[in-house]
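Enquirer: Sequence:
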Amino acid sequence: MYYLKINLIYFFILYNLIEGNHNNSFFNPIIYKNCKSNFEIISVGITECDKSERCEFKRGKEYSLQIGFKPDKKVDNLKTLVWAHLGDAHGALTRFHVDNEDACIESNITCPLMANKIYWYKQTVLLLQEYPIVDLQVNWLLINPDAEKNDKGLPINRDVCIKFLAKVKE
Numbered sequence: 001m002y003y004l005k006i007n008l009i010y011f012f013i014l015y016n017l018i019e020g021n022h023n024n025s026f027f028n029p030i031i032y033k034n035c036k037s038n039f040e041i042i043s044v045g046i047t048e049c050d051k052s053e054r055c056e057f058k059r060g061k062e063y064s065l066q067i068g069f070k071p072d073k074k075v076d077n078l079k080t081l082v083w084a085h086l087g088d089a090h091g092a093l094t095r096f097h098v099d100n101e102d103a104c105i106e107s108n109i110t111c112p113l114m115a116n117k118i119y120w121y122k123q124t125v126l127l128l129q130e131y132p133i134v135d136l137q138v139n140w141l142l143i144n145p146d147a148e149k150n151d152k153g154l155p156i157n158r159d160v161c162i163k164f165l166a167k168v169k170e
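The sequence shown begins at 1 in the UniProt record's numbering and counts up by one.
Since the hints were derived computationally from the structure, they do not count as laboratory data.
Cβ coordinates follow ideal geometry from the N, Cα and C atoms, glycine included.
Heads up, none of these hints are tricks.
Ranges of calculated distance between the beta carbons of each label pair, as one might list FRET restraints:
id : residue 1 : residue 2 : range
1  : 76        : 118       : 13 to 23 Å
2  : 54        : 77        : 31 to 41 Å
3  : 74        : 128       : 31 to 41 Å
4  : 146       : 100       : 15 to 25 Å
List time: in silico DSSO-like cross-link candidates among lysine-lysine, alpha-carbon distance up to 30 Å:
id : residue 1 : residue 2
5  : 167       : 61
6  : 33        : 74
7  : 149       : 117
Between the sequences and the hints, there should be enough to build the whole structure, so can you do that?
Expert: Spelled out as structure tokens, the structure:
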């Protein structure tokens, strides 16, 4: 029985390395909501975020987000969009800058993506010192770059869309 437990531990470590945790960062599962994704969301995790209701991020520090998802169709390209509601879900909506908006480059996935296969998208973000100390709701989207947008500039169809609560602190 002891050997079985050890083998299972090694299996999970190897699985994480093979499935996208190549930099040995461990992603903690977070509480999130699916915001009308077209694709199935498998899991969402962030480095250095505990399982609380709200992830706390320190200014001047880097954090990585990982989203496991399964497309229901072939995907030729994806774009990353990040929006934040300042304060709460009804607060001012602002666009959040990410250095790499092309989700198919340096994000642990390579397009084209095939239908019914699980992918592990990963993005690292530096929280700049000039960001305000504030509670917020983060909306993280992966979309077709040519997707139709509404009057606020948000895509109508969202291949992947998750939202979670966060706090920027000193």
